[in-house]
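Student: I would like the entire structure built from these sequences, with the hints used as guidance.
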Amino acid sequence: MSSSDDDLLMASAAFVIMNSLLKKEEKKKRRHRRWWMTSTFKSRITYSGSNLLEDLRREDSGHFNNFCRMPPATFDVLLEMITPMIKKEDTNFRKAIPPQERLALTLHFLATGNS
1 MSSSDDDLLM
11 ASAAFVIMNS
21 LLKKEEKKKR
31 RHRRWWMTST
41 FKSRITYSGS
51 NLLEDLRRED
61 SGHFNNFCRM
71 PPATFDVLLE
81 MITPMIKKED
91 TNFRKAIPPQ
101 ERLALTLHFL
111 ATGNS
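Taken in order, the sequence shown gives residues 1 to 115; the numbers are from this note's numbering.
Simulated from the structure, these hints should not be mistaken for lab results.
Among these hints, one or two may not hold up.
[Stated by the list, open to error] Cβ-Cβ distance ranges computed for the label pairs, FRET-style:
id, residue 1, residue 2, range
1, Lys29, Pro71, 29 to 39 Å
2, Thr74, Val16, 56 to 66 Å
3, Glu89, Lys24, 54 to 64 Å
4, Ala13, Asn65, 52 to 62 Å
5, Ser12, Asn51, 51 to 61 Å
6, Pro72, Met18, 52 to 62 Å
7, Pro84, Asn114, 25 to 35 Å
Predicted, not measured: the structure shown is a model, and the values here were computed from it.
Positions of the beta carbon are idealized from the N, C-alpha and C atoms, including for glycine.
Tutor: Below is the structure:
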């Protein structure tokens with residue numbers, strides 16, 4: 001083998017070793033989460049948004065304030081003010097989304113940009 005082949009072989013080996021060391025470091029730096037989902041959000045499949053909001057209100061952890069970006073009392077005042085404007089009627093095909101859910105999802109979307 002020529003010296004250029006040896007140099008190329010050494011450089012390749014060094015690259016492989018450095019790459020594996022970097023990947024190990026990245027793996028160590030990843031943040032370990034305590035929960036994948038909170039218990040409240042695990043039940044969202046079986047319950048509607050209204051049930052989720054009630055569960056958030058009952059918990060003292062501040063999840064409701066984080067979700068709607070306001071305390072429940074302020075949410076209730078705002079809901080009372082705009083309910084006549086956002087309320088829809090049920091049809092034969094489907095039930096309308098309640099004003100409480102409409103407001104909560106709108107506030108959540110406006111605050112976070114996520115659906």
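Student: None of the hints should be skipped; say for each whether it holds.
Tutor: Status of the hints after comparison with the structure:
| no. | hint | result |
| --- | --- | --- |
| 1 | Lys29 - Pro71: 29 to 39 Å | 36 Å, holds |
| 2 | Thr74 - Val16: 56 to 66 Å | 58 Å, holds |
| 3 | Glu89 - Lys24: 54 to 64 Å | 60 Å, holds |
| 4 | Ala13 - Asn65: 52 to 62 Å | 55 Å, holds |
| 5 | Ser12 - Asn51: 51 to 61 Å | 59 Å, holds |
| 6 | Pro72 - Met18: 52 to 62 Å | 54 Å, holds |
| 7 | Pro84 - Asn114: 25 to 35 Å | 28 Å, holds |
Checked against the numbered hints given earlier, the structure satisfies every one of them.
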